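Q: Model the full structure from these sequences, guided by the hints.
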Amino acid sequence: HKRFISAEGCYSHVAAHTAGLRIKVATKQFVGMGRESGQIYALRGTVWRCERQLQAAELASLAAASAPECSTRLAGVHTPRGEPERLRVSGSGCGGWMPAEHRMCAPQLKGDPSRDLILENGAFAAQRSE
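Heads up: the sequence shown runs through residues -18 to 111, numbered per our numbering.
If you are wondering where the hints come from, they were derived from the structure by calculation, not from laboratory data. All values reported here derive from a predicted model rather than from experimental measurement. The beta-carbon is built from N, C-alpha and C at its ideal position, and this holds for glycine as well. What you were told as hints is all true, and nothing was included just to trick you.
Across the chosen pairs, the derived CB separations fall in these ranges: (1) Ser71 / Cys31: 40 to 50 Å; (2) Tyr(-8) / Thr27: 19 to 29 Å; (3) Leu35 / Glu82: 36 to 46 Å; (4) Arg62 / Ala104: 12 to 22 Å; (5) Arg62 / Ala41: 34 to 44 Å.
A: See the structure below:
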């Protein structure tokens, strides 16, 4: 019996090993959004930071100015450069709060914000981006 620490690794592991699913992780998309004063709103695919809590009418105005709600594209916040390079992942070197069997660590990406992680049909790759 293991003490339950986090379901994060379990969810990610299942998603990563689901046939036909494609995942892209672009580094530093919204880093620091929660550290500033004010409120953060995610509306229809757009993230807004406001200095105060908004009323319903104000939220409706932001929603109307936001992107469409759903998209099946994996458009990134970065411009890809070159071809994706295959990655090997292991159960050590990251995510110490997760059971090792659910960890998917890619130590070769540590400290390198110039590459996005791509996962398609259970295969991991990294692609340089700007």
